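The lines below spell out each chain.
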Amino acid sequence: GAVVSQHPSRVICKSGTSVKIECRSLDFQATTMFWYRQFPKKSLMLMATSNEGSKATYEQGVEKDKFLINHASLTLSTLTVTSAHPEDSSFYICSARVANQETQYFGPGTRLLVL
Amino acid sequence: DQQVKQNSPSLSVQEGRISILNCDYTNSMFDYFLWYKKYPAEGPTFLISISSIKDKNEDGRFTVFLNKSAKHLSLHIVPSQPGDSAVYFCAASERGGTYKYIFGTGTRLKVLA
Numbered sequence: 001g002a003v004v005s006q007h008p009s010r011v012i013c014k015s016g017t018s019v020k021i022e023c024r025s026l027d028f029q030a031t032t033m034f035w036y037r038q039f040p041k042k043s044l045m046l047m048a049t050s051n052e053g054s055k056a057t058y059e060q061g062v063e064k065d066k067f068l069i070n071h072a073s074l075t076l077s078t079l080t081v082t083s084a085h086p087e088d089s090s091f092y093i094c095s096a097r098v099a100n101q102e103t104q105y106f107g108p109g110t111r112l113l114v115l
Numbered sequence: 116d117q118q119v120k121q122n123s124p125s126l127s128v129q130e131g132r133i134s135i136l137n138c139d140y141t142n143s144m145f146d147y148f149l150w151y152k153k154y155p156a157e158g159p160t161f162l163i164s165i166s167s168i169k170d171k172n173e174d175g176r177f178t179v180f181l182n183k184s185a186k187h188l189s190l191h192i193v194p195s196q197p198g199d200s201a202v203y204f205c206a207a208s209e210r211g212g213t214y215k216y217i218f219g220t221g222t223r224l225k226v227l228a
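Protein chains in written order, with the working numbering: chain A, 1 to 115; chain B, 116 to 228.
By construction, these hints were calculated from the structure, which means they are not laboratory data.
These numbers were taken from a predicted model, which means no experiment stands behind them.
Among these hints, one or two may not hold up.
[Stated by the list, open to error] Partner residues aside, some chain A positions facing chain B, computed with beta carbon under 10 Å:
{"no.": "1", "residue": "S9"}
{"no.": "2", "residue": "R10"}
{"no.": "3", "residue": "L44"}
{"no.": "4", "residue": "R97"}
{"no.": "5", "residue": "Q101"}
{"no.": "6", "residue": "T103"}
{"no.": "7", "residue": "Y105"}
Quick reminder that beta carbons are idealized off the backbone N, C-alpha and C, glycines included.
This is chain A alone, in the form it adopts within the complex:
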């Protein structure tokens, strides 16, 4: 149980284009989903917290117009990197949490490379 998937696993795009990453909880309903970013050999940095049916809460320093998050259902959240630039290249990981439980379950991550 508690499986989280991400799609795509890897994406290469041109500078200026937008990229959408999907995060799905496969066998449970996730009231809250989180989006993280990891730079090489660094820790996971929380970007935003997403609750189903409401606007995402972004961490300080994360541009909400740059990183659009939609949590349309209890099993799906999407992160759209708009007008991507090479500095947006990173490893993006989502996690999902069930209501009244503390443990987050993580997806396998998406490697984004912006050329």
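Given chain A, work out where chain B should sit, using these hints.
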């Protein structure tokens, strides 16, 4: 401001011996702590957690110890196996808050056969 710190970036241990990974935190509001294991280009895998009302939690080869007064927790792996080689992250959260995690910087464990 790094609220959760793992001061050892790497650790090498002989197979069969004990691995001890350490984590320190500064925010006294944290009341739930977790350890995750991560391989390159994969998402973290949950290992074990502990709430602040306990000082020890054990699950198979993994034991987490919490010292609230020192704001310190540690993960013990006994016996260590080559398959345990990975990066280990500790994470902390406030239960009454948004449940968001603050991750440490990670410790790369290498178990030598």
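Status of each hint after checking the structure:
{"no.": "1", "hint": "S9", "verdict": "holds, 9 Å"}
{"no.": "2", "hint": "R10", "verdict": "holds, 9 Å"}
{"no.": "3", "hint": "L44", "verdict": "holds, 5 Å"}
{"no.": "4", "hint": "R97", "verdict": "holds, 6 Å"}
{"no.": "5", "hint": "Q101", "verdict": "holds, 9 Å"}
{"no.": "6", "hint": "T103", "verdict": "holds, 6 Å"}
{"no.": "7", "hint": "Y105", "verdict": "holds, 7 Å"}
Violation of the numbered hints given earlier is absent; every hint is satisfied by the structure.
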